[in-house]
Amino acid sequence: MSREKITPDITQKETVKISEISEENILDCLQCSKCTAGCPAIHGMDILPHQVIRLLQLGQVDKLLNSETIWSCASCFTCASRCPRDVDISKLMEALRLMVIRVKGSNKLKVEKIPKLLQKNMPQQGIVSGFRKYVK
Amino acid sequence: MEKIREEIKEKARQALASKEVDVILAWEKGELWYDSYPAFFTKEKDIDSLVWDSFCVNNLSKYLLEYTMTDKKIGVFVKGCDALAFNQLVQDNRVSRDKVVLYGLPCSGMVDPDKVRTKNLNQGLTEIKKSKDKLIFITKDKEITVPAHEVYYDKCLHCRYPNPVTYDQLVGETVAAEGVLDDSVRFSGVKELEELSCEERFEYWDGQFSKCIRCFACRNVCPACSCKQCTFDDSDLEVLGKAREDSEDKFFHLIRAYHVAGRCIDCGECSRVCPQDISLEKLNRKLIKDINELYGEYQAGLDPSAKAPLGTYKLEDADSFTVGEKGGKKREKNSKR
Amino acid sequence: MQRVGVFICWCGTNISNTVNIDEVMTAVENMPGVAYSKDYQYMCSEIGQNLVKDTIKEHNLNRIVVASCSPRMHESTFRKAAEAAGLNPYLLEIANIREHCSWVHKDKEAATQKAISLTRAAVAKAILNDELIPGEVGVERRALVIGGGIAGIQTALDIADAGYEVDLVEKTPSIGGKMAQLDKTFPTLDCSACILTPKMVDASMSSKINLYTYSEVEEVSGFVGNFEVAIRQKARSVDMEKCTGCGICLAKCPIKTALSEFEEGLSNRPAIYTPFPQAVPNVPVIDRETCMKFRTGRCGVCEKVCPTKAVDYDQKDQILNKKYGAIIVTTGYDLIDLDYFGEYQYMDHPDVITGLEFERLVNAAGPTGGKLIRPSDKKKPKKVVFIQCVGSRDKSDRGKSYCSKICCMYTAKHAMLLKDKYPDSEAYVFYIDVRTAGKGFEEFQRRAVENYGVNYIKGMVGKIFPTNNKLQVNGVDSLSGEILQIDADMVVLAAATKAKPEADDVARMLSISTDSDSFFSEAHPKLRPVETHCAGIYLAGACQGPKDIPETVAQASAAAVKAIGVLSKSKLVNNPCVSEVDKSICSGCLACADMCPYEAISEKIVEEKANGKIVGRRVAEVNETLCQGCGGCTVTCRPGAIDLKGFSNKQILAEVDAICR
Amino acid sequence: MSVVASSTSVKNVEEFEPLIVAFCCNWCSYAGADLAGTSRLNYPANIKIIRVPCSCRVNSNFVLRAFQRGADGVIVAGCHPGDCHYMTGNYYTRRRFSLLKNLLEYVGIEEARFKVDWISASEGNKFAYVMNDVLEKVHKLGPNRKLRDSRWKR
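Protein chains in written order, with this note's numbering: chain A, 1 to 136; chain B, 1 to 337; chain C, 1 to 661; chain D, 1 to 154.
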């Protein structure tokens, strides 16, 4: 394991952009990890929700943009409703997704493909949040 | 009116004779047809010149201040507005209720000499008789009948208290209030101004105030202006300068209105006596309207034991200063953005 | 002829960096009335003060203006200096060119101009200053302590020890407060009752202390040295004189269904009750809402069984009016409501309890006789999960943004108590941070980990799912990133502390202020931690902010000393800036008297000659010892007959004119 | 002609340095201003503070006199209602200045020129915020010409 050089910087462009889109103050977070503890979508995540904010605080947006986590997030708002610091992490997740989508410029979810994606027990909210996630 | 006049005289004579009072405060006829000015009577024989006619507009209550430094008992005749004024003076601790005997006079309105002149009714006028809601102008050779509201003072047209709200003895029969009595009429002038833009309002008031010659008639006639020494006359503090200067006029009028706020009985005397026709009632009524809206309906002079609106408070009073700055934590978070 | 001396302070570089002193000096020299001016680097130093003293004499100065820091900082310093030079101290004015100028402005030119303007206003005011002589007022040598927890008890004992009378008012039927509910105390694990009850008894036995339990303060007026207080003694329905505390009534009462407040609702109590066996005073109270006699008129068992005929159903609330020289507020704290923390199941599951409930469960005198069992099935818990920061450090609407300060320590204590009782049990503590600043505190918490094997997990619990007989706790270890699932038998929540719900009303009644969380505000966070902004009113304990017992006791003794400082004086010097009536102008309307919050203005009849006779005329008169100098009366007075010394109409108008030049 | 007029008016606005007189109660707002100072919170030098014991000491005369002498804005700041050092003083302030504020607006004085607010001793931030806010608004309004004494220098 090599030592990584980190300069925490929340004034860099990407972090500022995320703050703008999400309207959340990432410095409010004090790393209690309650978001992670309550997250139902955690099994598909390579970076845990509380780590997401930590990486944002460290300014390591790149790691997040290439993570599974942001696409695993179900936008169920459990984290937001329980956060003792009033940080809406689902909004930060959304902001991260938008960063990706805006750069790549294409929609990931096509309406005609929906039936195939639908599993038996897929809740309606899943489809709605799917659109929120994958459509520009 | 003429019947009551005799009753009044009789009452005055009796009061002096029985030593019920030492002085009677009433009206006396002056040289001109519209002159019915306040007069003090101490002797029974002088009562013959006492008058009660359509020109007894002067408020006698304020003249009681002349007697604050004596222990004389005074009998005074009060119309509806005068009775409010009397109560206000009692509330302000300027007149002792027990030193005064009040003779209440119901009054359906007083005649504005200017309106009489405009209608040319004053030529050879000897008497004005009242008949229901009409007035009969009697001269040597003819009688002209006009609807009363055409010649009454503006301030009398929507009078809310034609009958005295307090008295020891009532002379004559109570009368019904006339005209529209709800606040829409009373505050219509204020509302019209409120709806104008800031600049328009300034233009209006600048025009009004700059007419002022600072004769202080408005103050001198006002029953709420009962201070021993008016702040405007305080040469030491120099609150108000003497110069002919617009800002001093504004200062005078704003402070005058503010000083009577919550104590103005809305008798309209200030506007009546103003030689420059400044619409002072629109200033006073603005304050009355605001007090009514912010702190609950209040009529000065109705109850001498009441607390003046500016001399009291409620914990839950409206707070217009910090609107939009309050709110919970969520708001605070939003405001940061 | 006024000869004003102006002294301009550099405050090292604090002022001179932003304000061009030379320019101010030049401007000052040309101000009307200024006879002398001087600048110096540290005007508040001894050299600076001597400079002021010497020049007053040398240059025959009779008015002084010091342009320096805020008058709240050094006005008294310079007034003393002026007084030492033989000048009446109230002839001095301060121009605040540091806090209000050099520290808040960056532009040097603008700051310089403002400094000149502020100094000009101070000179204009100083010219109109009069010599003022402060009056004196006597001191009521008795203190009132509001709240009978450990803070109130300690304060009362200390004041009584100094020889002064103290009245201790407690809302509940017994003194003792939250500390009486605790089992053991950190960091020594000695039993709370063992150290508290002797103090409670001392308080009740002291000839100097009067206990008013089951009583509330209803009204407070007056000022330091002379507070007037109305105390409502609620009807106890038991005669305090006759009752011997035998307890027969408690045993015979047919109603046994009321939830015990003292036991945090974990057990029941009768309608006639003492909160706990060691209650002081040991006199029961009838809970009239529960009592059958009061609800239906039938019963009266307690009256019949009482051997001393102490039960009195007709007792009424009594209002006591008393005077005090000083007041100490020790009203304590509460735990927050957990209604909004649905994920922890506190409202729904009996085995999810608060820390305070845990105290009662392990206490030998508690509802289980000290047997630590699950409230649901009375079985021994094997696995207990402790969750810290439930509502603390929580910015959302559910919680409190501050740290509750005591939870880290008491959670460690609880875990140890559990392990002491059941060595084979498992304890898990979920925490965000462990904060153990305090003597012996860190060692205490480490003992829990190292010696007792308590599992500390940095992370939080997402949700608790009640499953057959267990509580499935879903959490995370944030350090390893492991998702944890613990099947616990019991969960203990370290609920956040909060100010008492009635704190705002108490603050309003006492005219003291609270912070945004309704804790009472101290006068200065560092230098005046037990004083309030209202002279003569002091604070101790958790009503001022979350704190533990040692801190509370320290603060209580500190507050006692402050109060003794007032009580030990036979006279207090008044603020000489009081209102004054010009009787020649006064109309006697007494509008001023109506608004005066201190009832300092009354009617006076002056004799005057009028029409050749001597007649009495009503005017207003100010009682200078009662007047506190707010100046509200001056505004009610339209003609300006009543004016405030030191802040007169003329002086303020002169300041306005000078600033607007 | 109109071009010239507008250009001079623009210039005037640029040169316009408003004067704002703030009456602050000794116990809360003056202390709040001190706190703004110790916290080095910037606000413009145009604001000049006069210390009064309580906001209820402020007479409407003082407010009008400041306007007369050329102040472009006036602020009255006291303890929050309920927190008055003198128990009830600011409740009177609240009534008195609610009426005066309305009256001034009624005679055509721009609302932003007269500000009343509650600033506690711990609200240094709010103090600076209110001062900046008033100044900004008054700056937009331009100089007070409506109540000013034409003989006074400013």
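Derived from the structure by calculation, the hints contain no laboratory data. Yeah, the Cβ is synthetic: ideal placement off N, Cα and C, and Gly gets one too. Fair warning: there could be bad hints in the mix.
Cut-off 20 Å, straight-line C-alpha distance, at most; resulting in silico cross-link-like pairs (EDC-like, lysine to aspartate or glutamate) [claimed, not checked]:
#1 289(B) with 105(D)
#2 99(B) with 608(C)
#3 140(D) with 297(B)
#4 242(B) with 289(C)
#5 191(B) with 111(D)
#6 604(C) with 71(B)
#7 228(B) with 599(C)
#8 146(D) with 249(B)
#9 463(C) with 20(A)
#10 99(B) with 607(C)
#11 146(D) with 71(B)
#12 583(C) with 234(B)
#13 314(B) with 218(C)
#14 146(D) with 194(B)
#15 314(B) with 594(C)
#16 99(B) with 136(C)
#17 91(A) with 4(A)
#18 500(C) with 515(C)
#19 146(D) with 206(B)
#20 613(C) with 66(B)
#21 314(B) with 603(C)
#22 132(B) with 199(B)
#23 307(B) with 599(C)
#24 137(D) with 199(B)
#25 307(B) with 594(C)
#26 609(C) with 71(B)
#27 146(D) with 314(C)
#28 242(C) with 314(C)
#29 146(D) with 245(B)
#30 9(B) with 53(B)
#31 228(B) with 607(C)
#32 91(A) with 397(C)
Covered stretches of chain B (in silico footprint by chain D; criterion: 3 or more residues with CB under 8 Å from a CB of chain D, positions within the stretch not fixed) [as the list claims (entries may be wrong)]:
#33 191–205
#34 237–246
#35 251–260
#36 289–303
Hint-by-hint comparison with the structure:
1. With a C-alpha separation of about 14 Å, the suggested pairing of residue 289(B) with residue 105(D) holds against the 20 Å cut-off.
2. Straight-line distance between C-alpha atoms of residue 99(B) and residue 608(C) comes to about 19 Å, which keeps the hinted pair within the 20 Å bound.
3. At most 20 Å may separate the alpha-carbon atoms for a hinted pair to count; residue 140(D) and residue 297(B) exceed this at roughly 38 Å.
4. Distance check on the hinted pair: residue 242(B) and residue 289(C) sit about 72 Å apart at the alpha-carbon level, beyond 20 Å; violated.
5. Simply put, residue 191(B) and residue 111(D) have alpha-carbon atoms about 17 Å apart, close enough for the 20 Å limit, and the pair holds.
6. A threshold of 20 Å between alpha carbons decides the hint, and for residue 604(C) with residue 71(B) the separation of about 18 Å falls inside it, so the pair holds.
7. Restraint check: the Cα-Cα separation between residue 228(B) and residue 599(C) comes to about 24 Å, which exceeds 20 Å; the hinted pair is violated.
8. Of the supplied pair hints, the one linking residue 146(D) and residue 249(B) holds, its CA atoms being roughly 12 Å apart against a limit of 20 Å.
9. Annotation: proposed proximity of residue 463(C) to residue 20(A) is violated, straight-line Cα distance about 31 Å (limit 20 Å).
10. Only pairs whose Cα atoms come within 20 Å are accepted, and residue 99(B) paired with residue 607(C) is accepted, the gap being roughly 19 Å.
11. For the hint pairing residue 146(D) with residue 71(B), the CA-to-CA distance comes to about 49 Å; that exceeds 20 Å, so the pair is violated.
12. For a cut-off of 20 Å, the pair hint linking residue 583(C) to residue 234(B) stands: about 14 Å separates their Cα positions.
13. Between residue 314(B) and residue 218(C) the alpha-carbon distance is near 19 Å, which keeps this suggested pair within the 20 Å criterion.
14. With a CA separation close to 18 Å, the supplied pair residue 146(D) and residue 194(B) stays within the 20 Å bound.
15. Distance hint between residue 314(B) and residue 594(C) is fulfilled; the C-alpha atoms sit about 14 Å from each other, no more than 20 Å.
16. For the given pair, residue 99(B) sits about 41 Å from residue 136(C) by alpha-carbon distance, which is inconsistent with the 20 Å threshold.
17. With a C-alpha separation of about 28 Å, the suggested pair residue 91(A) and residue 4(A) falls outside the 20 Å cut-off, and the hint is violated.
18. With a C-alpha separation of about 13 Å, the suggested pairing of residue 500(C) with residue 515(C) holds against the 20 Å cut-off.
19. Our distance criterion of 20 Å between C-alpha atoms is met by residue 146(D) and residue 206(B), whose separation comes to about 8 Å.
20. A threshold of 20 Å between alpha carbons decides the hint, and for residue 613(C) with residue 66(B) the separation of about 15 Å falls inside it, so the pair holds.
21. Of the supplied pair hints, the one linking residue 314(B) and residue 603(C) is violated, its CA atoms being roughly 25 Å apart against a limit of 20 Å.
22. With a C-alpha separation of about 46 Å, the suggested pair residue 132(B) and residue 199(B) falls outside the 20 Å cut-off, and the hint is violated.
23. A threshold of 20 Å between alpha carbons decides the hint, and for residue 307(B) with residue 599(C) the separation of about 16 Å falls inside it, so the pair holds.
24. Using a Cα cut-off of 20 Å, the hinted pair residue 137(D) and residue 199(B) holds, with the two alpha carbons roughly 17 Å apart.
25. Under the criterion of a C-alpha separation no larger than 20 Å, the hint pairing residue 307(B) with residue 594(C) is consistent with the structure, at around 9 Å.
26. Straight-line distance between C-alpha atoms of residue 609(C) and residue 71(B) comes to about 13 Å, which keeps the hinted pair within the 20 Å bound.
27. A distance of roughly 70 Å separates the Cα atoms of residue 146(D) and residue 314(C); the hinted pair therefore is violated under the 20 Å criterion.
28. A hinted pair counts as satisfied when its Cα atoms are at most 20 Å apart, and residue 242(C) with residue 314(C) qualifies at roughly 15 Å.
29. Of the pairs offered as hints, the one joining residue 146(D) and residue 245(B) holds, with about 12 Å between alpha carbons and a cut-off of 20 Å not exceeded.
30. Between the alpha carbons of residue 9(B) and residue 53(B) the distance comes to roughly 13 Å, so the proposed pair stays at or under 20 Å and holds.
31. A C-alpha spacing of about 16 Å is found between residue 228(B) and residue 607(C), which places the hinted pair at or below 20 Å, so the restraint holds.
32. With a C-alpha separation of about 19 Å, the suggested pair residue 91(A) and residue 397(C) falls inside the 20 Å cut-off, and the hint holds.
33. A count of 10 residues in the segment 191–205 of chain B with a Cβ less than 8 Å from any Cβ of chain D is obtained; the coverage claim is therefore met, three being the minimum.
34. For the segment 237–246 of chain B, the assignment as covered by chain D holds, since 4 residues bring a beta-carbon within under 8 Å of that chain's beta-carbons and 3 suffice.
35. With 5 residues having a beta carbon nearer than 8 Å to a beta carbon of chain D, the segment 251–260 of chain B meets the requirement of three or more and the stated coverage holds.
36. Proximity of the segment 289–303 of chain B to chain D, defined as three or more residues with a beta carbon under 8 Å from a beta carbon of that chain, is established by the 4 residues found.
In summary, the structure is inconsistent with hints 3, 4, 7, 9, 11, 16, 17, 21, 22 and 27 from the numbered list given earlier, while agreeing with the others.
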